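**Student:** Once you have looked at the hints, place chains F and S with the ligands on chain L.
Going down the list, the protein sequences come from chains L, F and S. All residue numbers for the first sequence refer to the numbering used here, where the first residue is 17 and numbers rise by one. All residue numbers for the second sequence refer to the numbering used here, where the first residue is 61 and numbers rise by one. All residue numbers for the third sequence refer to the numbering used here, where the first residue is 418 and numbers rise by one.
The hints are simulated quantities; they were obtained by calculation from the structure and are not laboratory data. No false leads were mixed into what you were given.
Straight line, CA to CA, 27 Å or less: simulated BS3-like cross-link-like pairs of lysine-lysine:
1. L:Lys545 x L:Lys470
2. F:Lys114 x L:Lys470
3. F:Lys110 x L:Lys470
4. F:Lys110 x L:Lys388
Beyond 12 Å from chain L on every Cβ pair, some chain F residues (computed):
5. Pro155
6. Gly179
7. Leu190
8. Glu192
9. Ala267
Restraint-style ranges between C-beta atoms, simulated for each label pair:
10. L:Trp344 x S:Glu469: 31 to 37 Å
11. F:Met124 x S:Pro468: 52 to 58 Å
12. S:Leu588 x L:Lys43: 28 to 34 Å
13. S:Ser525 x L:Pro563: 50 to 56 Å
14. L:Thr274 x S:Ser525: 26 to 32 Å
15. F:Pro69 x L:Val471: 42 to 48 Å
16. F:Gly241 x L:Ile167: 50 to 56 Å
17. S:Pro468 x L:Thr274: 26 to 32 Å
18. S:Ile630 x F:Ala180: 39 to 45 Å
19. S:Pro468 x L:Trp344: 27 to 33 Å
20. F:Gly241 x L:Thr274: 48 to 54 Å
These numbers come from a predicted model, not from an experiment. Glycine included, every Cβ here is placed at the ideal spot set by N, Cα and C.
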Amino acid sequence: MSTIEQEMVHAAEGGHHDHHELPFIRKYIFSTDHKMIAKQFMFVSLFFLVIGGLLATMMRWQLGYPGEPMPGGMLLPDAMMAPTPNGAIMLPEFYNSLVTMHGTIMIFFAIMPLLVGLFGNLLIPLQIGAEDMAFPRLNMISFWLAVPAGILMLSSFAVEGGAAGAGWTSYAPLSVSGEWTGVYLGQQLWLASLTILGFSSLVGAVNYITTVINMRAPGMTWFRMPLATWALFVTAILILLAIPILAGALIMLLFDQTIGTGFFRPEVGGEPLLWQHLFWFFGHPEVYILILPAMGIVSEVISNRARKPIFGYHSMVLAIIGIGFLGWIVWGHHMFMSGMNPLLGTSFMISTMAIAVPSAIKTFNWLATIWKGDLHLDSPMLYALAFVSMFIIGGLSGIFMASTPVDIYIHDTYFIVAHIHYVLFGGSLFAIFAGITFWFPKMFGRMMNETLNKVHFGLTIVLYNLVFWPMHNLGLQGMMRRIYDFTQYEYLAPLQPMNQFISISVFLLVAAQSVYAFNFFWSIFRGEKASNNPWDSNTLEWTVPSPPPHGNFPEMPVVYRGPYEYSSPESDTDFYPQTKPPPSKPPVQELIPEPVTPTPEGF
Amino acid sequence: MNWSWILPPSFSTVSGDIDGIYYVILWITGITFFITEALLFYFIFKYRHKEGRKATYDHGSTKMEIAWTMVPLVIVLWIGVVSKGVWDTVKVDVPAAGLEVIVTGKQFEWNVTYPGPDGALGTSDDFETLNELHAPEDQPIVITLRSEDVIHSFFLPEMRIKQDAVPGQDITVWFEAIQPGDYTIGCAELCGIGHTTMGGTLTIYTAADFQAWSSSQAQQQQP
Amino acid sequence: MTTQAMTAGRAPMPGMKVYNLKLGMWIFLLSEVMFFTGLIGSYIILRFAHPEQFAAPGQVLNINLTAFNTFLLICSSVTMVKAYAAIQQGDQQGLKNWLLATIVIGASFVGVQVYEYIALAGEGFVPIADAYHAVGRHMPHDGPAIGGQLYGSTFYTMTGFHGTHVSIGVLCLCFTYWRAAKGAYTADNLGGVEIMGLYWHFVDLVWIILFTIVYLV
Ligand code: HEM
Ligand SMILES: [Cu+2]
Ligand SMILES: [Cu+2]
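Bound-form chain L, shown alone (with noise of 0.2 Å):
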């Protein structure tokens, strides 16, 4: 017998039941434990979030009061602000770093590893019932690449020349040399950063592909998936196809900076838009890594708070494979105007154009989820509902950037920035507040105090239009993005007034967050308790007790109908649990094997 059989053997022996504690460092620390790991992944992208907040701030003051001494800016170093005797006033090296950092760290550091690091974590074996992922201690493996990714991010502010400022595109050769920028080190910092980070999603996303192909619940065919594990699972296909592309280019551009080689310096022939070309392949796949999984939550919130199946299951299912497949092809809509053949440009319009149809499609379906339904509308719902209403916006918008003579006019403005935000902070983020709203019972076996959630609800959801709606308006006055000082520009001093608008939306927008910040921490300690399930959902998360113990499920779960059966005839509730043997058959016992202590893998 071999070392690891007897190691089973002796598991099995062991059995559940006998669930010893973990030592504090095993269980908090070096977890490997899918919930816990999610946890993890939680509070330090909340971190970043609120980093990334408190860039975008100092960002909105500069634009806001163009060259006027920034509140607080003497307790930065003199590289960033330039001391006067009224106060210290931002140099632009030091806007251009916030620009490109709070892109960055939104994007990769917030949002991505919220939706994914999180939510997949999270989700993806309690809902196909598995005790935990395929490979546990891969799974912790990549939350401790992403840590020292995050710091070595955040250390390029500290040192000389500041953090990298060429945009989150670092669109070479800008990026390539400090000559140009002003900026050594905290670039390739950044290059670094981004390359880890990577392999950290990597990674994850190999343990997400595997778990959801291998161990699914016996019952759980493909089509009794709930939309947040399919959305999921494509995201980690994304992932998984997507980031070495980006490390590919990232490594690329570290040598042409560091070793000195060509690639995209084009003094010795190497090629800028290479870099543009590679970094959009990626990037592309990368903005729908950032949506999906929030497609993903929504659509099980909005089902479940309707009391209603989702309308066009099928159909949901094949937009997320569509985005998917399409989301490869559509990569040159960002470089409409970078000197690239003008006649490719026709042919990525047509086919962003297409990709549009998709989202199209998801969103009438969540209308007609919601026509005829019973909506609670507790705070998990208003966030997915202003999902909902944001995403239209920004899917809209879309179309105008799509539409290439149009882009000629609006590429690089405002309207950009409006539309990212629209579907990311509009989007994306609606969609993180309505999931840890929805799941925090199950995270932390408590509920979020309901009257805070819908005051910060109602706060955010009218000062994020106040700040972002209006940017459609400077983007179609001319007004690019990424600029420093707009009043430079004659023609763009009249949109002063707006800015400081916006800009005083921004801190009140920023303030508001605070309100969901109290609550989740108070809540996590002095909550009220919450049942197995208290949103009367069908999935197998709600099934187990909140917070689930270590190996998630006591017994196999069988699974025998889809996720989103409410209101059905055939229950006597308005739910109808995943699990619940239909009333005529009986419960086929032999298909439940014999339950296993998981313990990690071998290799």
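**Tutor:** The following block gives chains F and S with the ligands in isolation, referenced to the frame of chain L:
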């Protein structure tokens, strides 16, 4: 504060068409926006939870799915087809004749080279201006766009022209202004610390005034 | 083969067709495919854009040496297959022997590559010089120099990343050998050997592609 979705006035031969497509899209998306948002709010109001309400048990309808797949598809593809024509005019079909100039971006200025009296670039009577582009109305201006260092983006908002200037690449841009006056030149692509200052002026003359300006410049700049 | 042993003590899920480790390795290799696609694609684009910067086959690179090295790597794939076949029969000694052979040959491949790099650098072919003048083996000394650094940049990046993959593979092989020496693998429990083989064959395959497009075309 200008909350309007109307585009600011434009002054080139193609800008009317560009703005036209913009308004077509604005109408289509605007109507879609109002309908979908209205439905959303109406449903939220109408179907909010009340004692005794039971949701309909309904899994969807293939007919509706097909409808709301095909209708948007046809609309967006139609937008695409219409867009293609204008795009080709602006970016593909460069007029054969016109005033040829070279615009070179570098941190943080736009250098413009004019052909001079002989009408040909690359000869000794070429002359230059800095951060100013002077051009006649009613005549295509065909620009060879270059960059000496990083990527810049040559932006003429009033002409609805934007094109990145890429080091190592000669990119042709053209436009034809329809009214004399002073307009903006901007840089739309983050190009470094001084990006914000990389603006300039586009001055459009009548054909005769341009002749006069051009020959006086050529004289002044003769070595 | 008991699936339980292959999932290292975890309850096999019903309907599981391929055990986790193997499936995970396949998925991981897909992403590796994308990584090399990115590198090779960049090479192709740069080469088409600037053919003048790239030497003709054999002008700078030593094809014979690398052909021999390619042969080595293919041999190591064969020994890897043998190792897997041995443990399928439950032959732990055979497994160890063939693994050792694979390690030795794999390491030799890396060694030859290092030697090649040193020799090329000695001739002036480096990725970083602003304009190298490779005094290649078959370069007419009075002929046009190959200027620019795209050739060096792409050559060293692509082959270097492949070499790194081989080196990591050799380290993993050593680990597998160590486990094999402890008797960890049996005819029933050979997942570790199988996924090692998958990775190794993949690296081999990538090399055959790289050799073709970098050295021969
Ligand atoms: C309805 C479908 C969508 C269409 C037709 C669309 C179209 C476009 C186009 C054409 C651009 C390039 C604009 C330019 O730079 O000139 C763009 C930019 C962008 N889109 Fe979308 N988009 C859609 C949905 C989304 C979604 C769902 C997300 C993300 C969650 C997203 C995120 C972004 C981001 C981040 C950028 C800006 C990248 C940058 O330059 O920094 N878009 N979109
Ligand atoms: Cu895109
Ligand atoms: Cu600029």
